[in-house]
Amino acid sequence: MQKTKWITVLVLWLTAASLWAQTVPQVVDTKNGVSLGARQEKRALESLMKIVEKEIISTVDAMPADKFGFVPTDGEFKGVRTFGQMVKHLSATNHILAAAALGEEPPAEAGDELGPESVRTKAEILAYLKGSFVHLDKAVEAIGQTNIPVNASPISPLKRGEVTRLALITETLLHAYDHYGQLVEYLRMNGVVPPASRP
Numbered sequence: 012m013q014k015t016k017w018i019t020v021l022v023l024w025l026t027a028a029s030l031w032a033q034t035v036p037q038v039v040d041t042k043n044g045v046s047l048g049a050r051q052e053k054r055a056l057e058s059l060m061k062i063v064e065k066e067i068i069s070t071v072d073a074m075p076a077d078k079f080g081f082v083p084t085d086g087e088f089k090g091v092r093t094f095g096q097m098v099k100h101l102s103a104t105n106h107i108l109a110a111a112a113l114g115e116e117p118p119a120e121a122g123d124e125l126g127p128e129s130v131r132t133k134a135e136i137l138a139y140l141k142g143s144f145v146h147l148d149k150a151v152e153a154i155g156q157t158n159i160p161v162n163a164s165p166i167s168p169l170k171r172g173e174v175t176r177l178a179l180i181t182e183t184l185l186h187a188y189d190h191y192g193q194l195v196e197y198l199r200m201n202g203v204v205p206p207a208s209r210p
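Residue numbering for the sequence shown follows my numbering, beginning at 12 and increasing consecutively.
Source of the hints: derived by calculation from the structure; they are not laboratory data.
Watch out, some of these pointers could steer you wrong.
As the list claims (entries may be wrong) - Keeping only pairs whose Cα atoms sit at most 27 Å apart, straight-line, the calculated BS3-like set for lysine-lysine is:
hint: 1; residue 1: Lys65; residue 2: Lys133
hint: 2; residue 1: Lys78; residue 2: Lys133
hint: 3; residue 1: Lys53; residue 2: Lys78
hint: 4; residue 1: Lys149; residue 2: Lys78
hint: 5; residue 1: Lys53; residue 2: Lys170
hint: 6; residue 1: Lys65; residue 2: Lys53
hint: 7; residue 1: Lys65; residue 2: Lys78
From just these sequences and the hints, can you work out the full model?
Below, the structure written as structure tokens:
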């Protein structure tokens, strides 16, 4: 949990630093002749994205295949998603926001953040999840490329004129960690220690 808090703080710091950097001229490191800006933002986000991807994929993979239909029943859990549905939702959202960051139309199979109906088994859900991170990697790679447009997304609180590629990618990280916490709880309810908590 401590690691999750630090990642969230880093994501927020990166966003604030990026907004600040957009209001001041770029700095040039005269010693190395390197322009500081989009390249550093891209590298930092790539590092954070790899951490998020590794934690989420390992967590999803840790859940036994026969538990992907698990939904809590003790307490106030009426109408919540099953474990598998939550992973599909997370993956679909990754695809939708990555598409907006790349100026693409949202993938039709993502549906209303539900993911494809045909994706049902653990293997299929894991493949869909991994594909969503590949899509996000392409969006991160596009940071600083002014020839690639950015679209507003109907699932983002950012509207046309407010949206940026960096903001959409940051939104995916925040959303992913929100669901990571839920996935961890589902694992623990099934007697599975999350990979990040193992010695």
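| Looking back at the numbered hints, which does the structure fail to meet, lowest number first? | Violated hints (numbers, rising): 3 and 4; every other hint is consistent with the structure.
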